[in-house]
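2 protein chains.
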Amino acid sequence: MGTHYKGDDGEVRALDAYIKLIRAADSVAARVQRHESVLGLTATQFGALEALLHLGPLCQRELGEKLLKSGGNITLVVDNLEKHGMVVRQRDQADRRFVTVYLTDAGRARIAALMPGHVAEVVRALSALSPREQEELGRLCRRLGLGTAAEGQGTPPCR
Amino acid sequence: MGTHYKGDDGEVRALDAYIKLIRAADSVAARVQRHESVLGLTATQFGALEALLHLGPLCQRELGEKLLKSGGNITLVVDNLEKHGMVVRQRDQADRRFVTVYLTDAGRARIAALMPGHVAEVVRALSALSPREQEELGRLCRRLGLGTAAEGQGTPPCR
DNA sequence: ATCGAATGGTTGAACATTGATTCATTAACG
DNA sequence: CGTTAATGAATCAATGTTCAACCATTCGAT
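Chains A and B, in that order, are what the protein sequence lines are.
The numbering used here applies: residue 2 is where the first sequence begins, and numbers increase by one.
The numbering used here applies: residue 2 is where the second sequence begins, and numbers increase by one.
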């Protein structure tokens, strides 16, 4: 199990941790997302709604940073959410480059209704670890994320 | 920072760990993959070559399991690797449903040449953690991955 | 005030990924 | 045997994602 690469201890240790980290994230994300996508939302759409719900209106650049997605992608995601009436765009009057994205009532209702199930699924996915272990995992992961990630660590990317 | 969801302690703890896990994996994977993709390989192509290098020839179904990717995707990935002469397909004579994928000499040389840089980048990405912490992270992640993931935990998915 | 750099957003091409369908082959079972 | 089920792979449409090019807007020098 783990890595088959021949190298010194430090390399094998890092590779092993790396593989397990990626696999765990994939596994947990897949499990959680199953419950979102069934309801007609992609993971990124869900993440966007959730960010808007918990952080309030955001411009598209901010949304992209929170979700770790490219600008072009955010344009499409917001397009689709807007098409479905979950969200509205509005040009910022002060600085007309910005487009602020607002949750509609329908969007707020939708994401609010989805959250309990989402939370329950996350809790369930992490139930393999004790509370103390979950905290330890969070601590370790936070230090890893600091390296490259956009600093805004507000809201879940949801892949 | 972390989660903005209002809920009981267990929920907040799980959500927080979840977010950080996903972000850390994204962040580390992005960093590592930057060094692979610059050289003309997608993450999945790299993962496939690496699996073949360390595990020997595999059929496409096995490859899909190792990489956590769909069958249709594997067909395309192998197509592209074959086009570039990194890999050859061969029908299994015993059971003609199987197609075994072999590394060519060129493919072996290519992945072998890439590995040291890959390993160095993984080591670097995980250097925020001490050896002991890396082991702890691996231990926690392994227990999370067990929930849903395909059991074959041989080789890195690389997203 | 103006010109150039930087920033936010959009667009379009390229591509990876999935999921459903289909086909060939093998296995199982009567 | 022969039919049916199961398995591995290929194919195709649909979609999410990224990246580069581009436009509009603002900001900063001079």
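No lab work stands behind these hints: they were computed from the structure.
Backbone N, C-alpha and C define an ideal beta-carbon position, used for all residues, glycine too.
Keep in mind that the hints are not guaranteed to be accurate.
Pairwise CB distance ranges, derived in the manner of DEER restraints [stated by the list, open to error]:
{"hint": "1", "chain 1": "B", "residue 1": "R109", "chain 2": "A", "residue 2": "P117", "range": "48 to 54 Å"}
{"hint": "2", "chain 1": "A", "residue 1": "H85", "chain 2": "B", "residue 2": "H36", "range": "23 to 29 Å"}
{"hint": "3", "chain 1": "B", "residue 1": "R109", "chain 2": "A", "residue 2": "T105", "range": "52 to 58 Å"}
{"hint": "4", "chain 1": "A", "residue 1": "K7", "chain 2": "B", "residue 2": "P58", "range": "42 to 48 Å"}
{"hint": "5", "chain 1": "A", "residue 1": "Y103", "chain 2": "B", "residue 2": "G8", "range": "50 to 56 Å"}
{"hint": "6", "chain 1": "B", "residue 1": "R133", "chain 2": "A", "residue 2": "A113", "range": "25 to 31 Å"}
{"hint": "7", "chain 1": "A", "residue 1": "A113", "chain 2": "B", "residue 2": "R97", "range": "51 to 57 Å"}
{"hint": "8", "chain 1": "B", "residue 1": "R97", "chain 2": "A", "residue 2": "S71", "range": "31 to 37 Å"}
{"hint": "9", "chain 1": "B", "residue 1": "G72", "chain 2": "A", "residue 2": "R125", "range": "38 to 44 Å"}
{"hint": "10", "chain 1": "A", "residue 1": "D93", "chain 2": "B", "residue 2": "R125", "range": "19 to 25 Å"}
Below, in silico cross-link-like pairs of lysine to aspartate or glutamate (EDC-like), each with a Cα-Cα straight-line distance of 20 Å or less [claimed, not checked]:
{"hint": "11", "chain 1": "A", "residue 1": "K70", "chain 2": "A", "residue 2": "D27"}
{"hint": "12", "chain 1": "B", "residue 1": "K84", "chain 2": "B", "residue 2": "D96"}
{"hint": "13", "chain 1": "B", "residue 1": "K70", "chain 2": "A", "residue 2": "E136"}
{"hint": "14", "chain 1": "A", "residue 1": "K7", "chain 2": "B", "residue 2": "E83"}
{"hint": "15", "chain 1": "B", "residue 1": "K7", "chain 2": "A", "residue 2": "E122"}
{"hint": "16", "chain 1": "B", "residue 1": "K7", "chain 2": "B", "residue 2": "D27"}
{"hint": "17", "chain 1": "A", "residue 1": "K70", "chain 2": "B", "residue 2": "E136"}
{"hint": "18", "chain 1": "A", "residue 1": "K7", "chain 2": "B", "residue 2": "D80"}
{"hint": "19", "chain 1": "A", "residue 1": "K70", "chain 2": "A", "residue 2": "E83"}
{"hint": "20", "chain 1": "B", "residue 1": "K84", "chain 2": "B", "residue 2": "D106"}
{"hint": "21", "chain 1": "A", "residue 1": "K70", "chain 2": "A", "residue 2": "D106"}
{"hint": "22", "chain 1": "B", "residue 1": "K7", "chain 2": "A", "residue 2": "E136"}
{"hint": "23", "chain 1": "B", "residue 1": "K70", "chain 2": "B", "residue 2": "D106"}
{"hint": "24", "chain 1": "A", "residue 1": "K70", "chain 2": "A", "residue 2": "D80"}
Status of each hint after checking the structure:
no., hint, verdict
1, B:R109 to A:P117: 48 to 54 Å, "51 Å, holds"
2, A:H85 to B:H36: 23 to 29 Å, "39 Å, violated"
3, B:R109 to A:T105: 52 to 58 Å, "55 Å, holds"
4, A:K7 to B:P58: 42 to 48 Å, "19 Å, violated"
5, A:Y103 to B:G8: 50 to 56 Å, "25 Å, violated"
6, B:R133 to A:A113: 25 to 31 Å, "42 Å, violated"
7, A:A113 to B:R97: 51 to 57 Å, "54 Å, holds"
8, B:R97 to A:S71: 31 to 37 Å, "44 Å, violated"
9, B:G72 to A:R125: 38 to 44 Å, "28 Å, violated"
10, A:D93 to B:R125: 19 to 25 Å, "40 Å, violated"
11, A:K70 to A:D27, "17 Å, holds"
12, B:K84 to B:D96, "25 Å, violated"
13, B:K70 to A:E136, "30 Å, violated"
14, A:K7 to B:E83, "27 Å, violated"
15, B:K7 to A:E122, "16 Å, holds"
16, B:K7 to B:D27, "25 Å, violated"
17, A:K70 to B:E136, "30 Å, violated"
18, A:K7 to B:D80, "29 Å, violated"
19, A:K70 to A:E83, "18 Å, holds"
20, B:K84 to B:D106, "14 Å, holds"
21, A:K70 to A:D106, "25 Å, violated"
22, B:K7 to A:E136, "18 Å, holds"
23, B:K70 to B:D106, "25 Å, violated"
24, A:K70 to A:D80, "15 Å, holds"
Of the hints listed earlier, those the structure fails to meet are numbers 2, 4, 5, 6, 8, 9, 10, 12, 13, 14, 16, 17, 18, 21, 23, in rising order.
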